[in-house]
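With the hints as constraints, model all of the structure from the sequences given.
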Amino acid sequence: MRVLWLICGLTCVALALIGVVLPLLPTVPFLLLAAFCFARSSERLHSWLLSHKTFGPMIEDWNSNGAIRLPAKRAATLSIAVVFGFSLLAGVKTTVVVIQMVVLSAVLFFIWSRPNS
0 MRVLWLICGL TCVALALIGV VLPLLPTVPF LLLAAFCFAR SSERLHSWLL
50 SHKTFGPMIE DWNSNGAIRL PAKRAATLSI AVVFGFSLLA GVKTTVVVIQ
100 MVVLSAVLFF IWSRPNS
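Heads up: the sequence shown at position 96 corresponds to 95 in numbering that gives the first Met the number 0, and the numbers run straight through without jumps.
Quick caveat, the hints were computed from the structure, so don't treat them as lab data. Careful, some of the hints might be misleading.
As the list claims (entries may be wrong) - Ranges of calculated distance between the beta carbons of each label pair, as one might list FRET restraints:
id, residue 1, residue 2, range
1, LEU9, ALA89, 29 to 37 Å
2, PRO114, LYS92, 33 to 41 Å
3, TRP4, LEU88, 20 to 28 Å
4, LEU24, PRO56, 15 to 23 Å
5, TRP4, ASN64, 21 to 29 Å
6, ARG1, PHE108, 35 to 43 Å
Every residue, glycine too, gets a C-beta built ideally from N, C-alpha and C.
The structure is reproduced here in structure tokens:
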């Protein structure tokens, strides 16, 4: 079972790293899931992730009080706006744009309703 948790954790870290450069893919949720998986599979990787100078503080903020840092909120908002703008420019069907608008609005509401760290 530990191997499955390890594979899941490594996959989440890979997806988080891809999310750093792709605005469509979120970074922090994958890091949180990776920390969860590593806690069940590898103490060494769990410690590495929590002590990482960039990712560690975000995970600690979430673990301690469910907080998201203001720069991360701004980056997420900008990414969501860019993705939605691309959809509009690409002429995506109205139904899809409306669904996207509802889902992305819910995501933004969740992000901005979290406390700042």
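We went through each hint and held it up to the structure:
Under the hint 29 to 37 Å, the C-beta atoms of LEU9 and ALA89, about 33 Å apart, fit the expected range. Judged by the Cβ atoms, the range 33 to 41 Å given for PRO114 and LYS92 holds: they are separated by roughly 37 Å. At roughly 41 Å, the beta carbons of TRP4 and LEU88 sit outside the given window of 20 to 28 Å. At about 21 Å, the CB distance of LEU24 to PRO56 agrees with the hint of 15 to 23 Å.
Distance hint check for TRP4 and ASN64: the Cβ-Cβ separation is about 26 Å, which falls inside the suggested range of 21 to 29 Å. Between ARG1 and PHE108 the CB atoms are about 37 Å apart, so this pair conforms to the stated range of 35 to 43 Å.
Taken one by one, the earlier hints fail for this structure only at number 3.
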